[in-house]
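Based on the sequences and whatever the hints tell you, model everything.
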Amino acid sequence: MSHGGESAPLVPNLFDVCKVLTLAILGLVDAILDGIGAAIPPLGPPLAGLSDFLLGNFVVTVVTWIIAMTVILLWATLFNLLTVMWLERKFYSRIQDRYGIMISIWSLPFWPFNRRDRPTHKGTGYLQNVADGLKLLQKENLTPATADAAMFHISPVLIASSTLMLLVALPWSSGFYIARLELGLLFVLAAFSLAPIGILIAGWSANNKYTLIGGLRAAAMLLAYEIPMILCAIALVFSTGSLNLFDIVEQQERPLIDFGLFAIPAWYAFGPQILGFLIFTVAMVAEMERIPFDIPEAEAELVEGWTTEYSGMRFGLLFGFKWLRMIAGAALIVTMYLGGWSGPVFTRLYVGNIPIPVFPEELYFLVKVWLLCLVFIWISWSVPRIRIDQILQIGWKRLVPYSLLAVLIGAGSRVVRP
Amino acid sequence: MVDWELVAFVALSAIEIVASILVVTNKRLVRAAFWLAITLVTIGGIYLLFRSEFVFLIQILVYAGTVPVLLLFGVMLTRRKIMDEATVEGS
Chain Y
778 MSHGGESAPL VPNLFDVCKV LTLAILGLVD AILDGIGAAI PPLGPPLAGL SDFLLGNFVV
838 TVVTWIIAMT VILLWATLFN LLTVMWLERK FYSRIQDRYG IMISIWSLPF WPFNRRDRPT
898 HKGTGYLQNV ADGLKLLQKE NLTPATADAA MFHISPVLIA SSTLMLLVAL PWSSGFYIAR
958 LELGLLFVLA AFSLAPIGIL IAGWSANNKY TLIGGLRAAA MLLAYEIPMI LCAIALVFST
1018 GSLNLFDIVE QQERPLIDFG LFAIPAWYAF GPQILGFLIF TVAMVAEMER IPFDIPEAEA
1078 ELVEGWTTEY SGMRFGLLFG FKWLRMIAGA ALIVTMYLGG WSGPVFTRLY VGNIPIPVFP
1138 EELYFLVKVW LLCLVFIWIS WSVPRIRIDQ ILQIGWKRLV PYSLLAVLIG AGSRVVRP
Chain W
223 MVDWELVAFV ALSAIEIVAS ILVVTNKRLV RAAFWLAITL VTIGGIYLLF RSEFVFLIQI
283 LVYAGTVPVL LLFGVMLTRR KIMDEATVEG S
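Residue numbers (the working numbering), protein chains in the order written: chain Y, 778 to 1195; chain W, 223 to 313.
Be aware that a few hints might be false.
[Unchecked claim] Partial list, derived from the structure: chain Y residues whose beta carbon lies under 7 Å from chain W:
| id | residue |
| --- | --- |
| 1 | L805 |
| 2 | L963 |
| 3 | L971 |
| 4 | L977 |
Bear in mind the hints are in silico, worked out from the structure with no lab data behind them. What you are looking at is a predicted structure, and each value in this text was computed from that prediction instead of being measured. Every residue gets a Cβ at the ideal spot worked out from N, C-alpha and C, and that includes glycine.
This is the structure we're talking about:
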């Protein structure tokens, strides 16, 4: 692997970048206050006190935190979520060979797609999801007459907040993160495990047999697949010796076998952890309720399962956050097994004295995450849905023993090569 | 100077006590399970105040994520009627 330089993130430190933004905003406010104070002299002293307070340590820290959280939220939803939804709709319309989101993939304006003999359309369709979101925002929020209203309204909040908790610990590069937790892996798994109770409450509170069956199925499935996931994480910890996601990525930033011209990187998916990688990926697909495992919301028999009675933006929230969970799950798999943000070439461009990475870590991470999402989409639009008893059989009778085997292999590899 | 850890401890304990009373007094068992989850999460918060993040995360992972769901399973698989009676006005 030819490292053309040190690996570098585009955002060296999220909080430093946000602090610059905060200071700029507060400096502007300060200048406006000074101007008002100069124009109206009696207001001068109190305004000076106010601007002192605004530029104090407390306000700067609080505003920096708020801006950092907003940045990570917009990054996850406005950029990643919309892009992955767009990719999915493009991709499945190609798989099903039909006109999808603005004429399938044939409207993409570059080489393999812009063929003369294919139907084309001017426009990429990226804003289709925004339009759908706006449509959902305008719809009425219905509550069924017999529903338990408090629980019915609290369960989307539970599901959405537990999904947003994932973003606290998930790093997007070595500099672009909210919190650098010592137990980051455990935190992400714990945040994933909070969803079943919200789903079950959603299914029960609507007081509808379809939602109830969907909620029960979802809870049974999520519980069954959480166990192999956690066992695979245990197997991985035998190799990493750390639950810190940054340490796990750092350990994968070296070549496994160097052929001179190119090298196989030491990703955990290529070592003795390959069994754990496969089981973790399958369990993660189940955790996202994507098609081979989407029996909780089988639209043909259960009319969207536990989300049947939700309407308007509540449904939009539940529906969109399913994609957010997919992105977070793919990001977790990439971090744990596929090398995270490590990549082959890192070169820097110097603008004055400031080094700007040409292939920043965020780019590698995003490419890996989106490719993994595409694999999940590919699977989910080309295989049929399986029955709930088959799902539980695969979960309890196959994945749990295999993940125990993965723990054994992980421990054995640790003994053989410490 | 306010001792913020004490404030957090008192607030978490108050929520925990109220939620645990609601667990045993609530007529609807699914709501009871919800309050049980709140109780277990606040206990996790108290572990966090003791600077033991590992126990906190295990508490969330095992107790808050799984135990209420198991309780709900018990409820839903043993009771004859899970849903409320549908009483639509005018019928």
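Hint check:
Violation of the interface hint for L805 of chain Y is found here, the shortest Cβ-Cβ separation to chain W being roughly 32 Å, above the 7 Å cut-off. Given hint, L963 of chain Y at the interface with chain W, holds; its Cβ is 5 Å from that chain's nearest Cβ, closer than 7 Å. Against a cut-off of 7 Å between C-beta atoms, the interface hint on L971 of chain Y holds, since the closest Cβ of chain W lies about 5 Å away. At a threshold of 7 Å, the smallest CB-CB gap from L977 of chain Y to chain W is about 5 Å, leaving the interface hint in force.
Violation of the numbered hints given earlier is confined to hint 1; every other hint is satisfied by the structure.
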